[in-house]
Amino acid sequence: MRSFKKILTTSVLGAAALGLAVSGPAQAKVEGDTIILGSAISLTGKYSTNGIHAKNGYDLAVERINATGGVVVGGKSYKIRVVYYDDESTPARGAQLAERLIKQDSIKYMLGPYSSGLTKAVAPVTEKYKIPMVEAEGASRSLFTQGYRYLFAVLSTSEQYLASSIALAAEMAKKEGRSVSSVKVAMAFENDPFSLDVRAGVMDDVKSHGMKIVIDDKLPRDLSDMSATLTKVRAVKPDILVVSGHSKGAATAARQIKEMKIDVPMIALTHCEAAKVVDKFGAATNGFLCPTQWSETLSYQDGYFGTAAEYDALFKRTFQGYKNVPYQSAQASAAVLVWKDAFERANSFDTEKLRDALAATEMDTFYGKIKFSEAGNNIAKPMVLRQIQNGQFNVVAPSKWASHKVEYPRKVQ
Amino acid sequence: MLDNLNLLIQAPVLNIQLLLDGVLIGSIFALAAYGLALVWGVMNVKNLAQGDFVIMGGYIAYWFTKQDIHPILALPVAAVLMFGFGWACYRFIIRRVIGKDLFISLLATFGLALVVQQLLNLIFGSEVQTADAGFKTRFLFDGQVTVSDTKFIALLLAGALAASVVVFMKRSRMGQSIRATAQDARAARVLGVNTDRVYAFTFALNAAICGAAGVLISMIWNIQPYYGIVHSIRSFIIVVFTGLGNLPGVIVTALGLGVAEQFSGFVLGAELQVASVVCMLVLVLIWRQIQQARLRQVVE
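Chains A and B, in that order, are what the protein sequence lines are. Under this note's numbering, residues 40 to 452 are what the first sequence spells out, in order. Under this note's numbering, residues 374 to 673 are what the second sequence spells out, in order.
In case anyone wonders, no lab produced these hints; they're calculated from the structure. Hints should not be assumed to be uniformly reliable.
What the hints assert, rightly or not - Which chain B residues stay away from chain A? Per the calculated CB distances, all over 12 angstroms, these:
1. PHE541
2. GLN549
3. ALA555
Claimed, not checked - Heads up, incomplete: computed chain A residues facing chain B, CB under 8 angstroms, no partners named:
4. GLY84
5. LEU258
6. SER286
7. LYS287
Computed from a predicted model, the values in this text were never measured in an experiment. Here a beta-carbon is modelled for each residue, glycine too, at the ideal position from N, C-alpha and C.
Given only the sequences and the hints, what does the whole structure look like? Please build it.
In structure tokens:
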């Protein structure tokens, strides 16, 4: 009996030692002919809808790259694969999973999570371990004021979201022969980091134009009612109403603007597409200005997906149930393209060389031009304004990319 | 803030808009609060899943709109379905925690709330949803005041529901049994009332009322699996404000809460809308404490 126990213990220990010896770190970053990237993404929880949009974007790009020759490093062609963990829409969990990906799974190349909150939790981890991360779903400008060297973002940052609507309001005032400083601005923002960043961008623009702020409401996160704010809007008659509060804010604003028949010449809100306002509220949403990171009607193109329209068609063929391709997916695909480009320019798997290659990125994609500033955010792609006209989203600003004329003033539906 | 007050004084018609909006939304708060007061008064169970029952009702209405059926028709269906759900909850969960520690009953209902939230998220996803009733908007006072028909119909339905529950409690046998059990459970049992059935019925009735409220909420506001807490908090505020055992008072308080929220949102800004109401609650509780200390007896 005792000798049996001895044999058992020795063999178990031996197997463990063998296991440890074989599972070296080299297996994780490049396994055979596959480069492995890692990502903590929201597959469950309150961000799961957009988390899945992002994951689909990552997957489509991976599929496309693997099908068109893979990533060429040192003369050899490699496929890419992404390892996903579900961060349950919780920042603490996201940070935990990032540690796990880097330390346990030896991932050396990261793709970002969904939302600024989660990116803020994961970025310090990747920075600590000097692992480059290309993210596509964290737009908060506060991510880029921390001096991170290993964080790169392909999307336009939050303060640009509604800024072009203020510029448009100024343009309209000039056309009507009024002074720009006579424009009255009403703002309603949700009291969360992202929306407040958007507000900061709007404030900067309002101040630089010398406009007047007549309403400045910060809606609590758990409030689904802005009728008091809209009653104020009716009382003070602003020239432009700006709203940002994620999907909930957009849905609430669209519904209550329709119900209360609010008449403001220009209304701009974020997350129109994500909140599906056209599906839900139909013709009442005509005239809304909605910023977007990307539109399939823009004339960007690249060698992997072709034009933005071709990406749109490919995405709809690959994934079921999409009437419109959300920009969250497009920018996720772009992030993977950035990685491929960096691998090939650096011609190495070394993280420091890759970090430098990423910092020097300058490429055209179906999603837009990508060039990173010192801080890591994309400074080559503008935020585009689309207006809902007859149930369609049409690009109206900036004028270089506009396909339609802006409808002004907005008629009450 | 003073500018906003000025607005109210200069344009009195704004007060009417705020008052109307407040009463209309308050009537729906009244439903969930009434249910909570019922369960609390009869069974001494503080139902933390109250808001989640409301959201469940909302999702039933949402599901109806997905099948292209008008959400108003979801009202009776939601009430019946939630009644059954409430009964099942009582049988399997609540029955075991009645009469036990306060903490145990809170924990049980909290756990129920979490399960409901996650189930709803799994089934419907995490996007914010609404059920569009497609009713028109009325203009009053020369177009200065708008009343959405949806809200008005919701007020009528909420009123009808509340009235029928009150009549039920006064006239029917089960209603009498519920009131008897609330007064003194042991005495009721001695006199032949099946208190277990009464408790089950009360909890199920609460769930049905919340379900109905949820249908109205989905037509007026919006729903999301994790928004239950918002309605739970409002219900608790209303019930604590009124004190237990004062059911008509709950309805009046709820209407007042709706109006107070609208006015504070207008004058102080939306960020203080809910906070100001909670502050009012704290002040009322402090005042009651002072009164109680002075009189050295429980103040109703």
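Comparing the hints with the structure gives:
1. Its beta-carbon lying about 30 angstroms from the closest one in chain A, PHE541 (chain B) satisfies the requirement of being farther than 12 angstroms from that chain.
2. With a minimum CB-CB distance of about 38 angstroms to chain A, GLN549 (chain B) clears the 12 angstroms threshold, and the non-interface call stands.
3. For ALA555 (chain B), the shortest C-beta to C-beta distance to chain A comes to about 32 angstroms, beyond the 12 angstroms cut-off, and the non-interface label holds.
4. At about 7 angstroms, the closest approach between the beta carbon of GLY84 (chain A) and any beta carbon in chain B falls short of 8 angstroms, and the interface hint on this residue holds.
5. Interface hint at LEU258 (chain A): satisfied, since its Cβ lies 5 angstroms from the closest Cβ of chain B, which is below the 8 angstroms cut-off.
6. Hint on SER286 (chain A) holds. Least Cβ distance to chain B is approximately 5 angstroms, under the 8 angstroms limit.
7. Here the hint on LYS287 (chain A) is kept, as its CB sits about 5 angstroms from the closest CB of chain B, short of 8 angstroms.
Going through the hint list in order, the structure satisfies each hint without exception.
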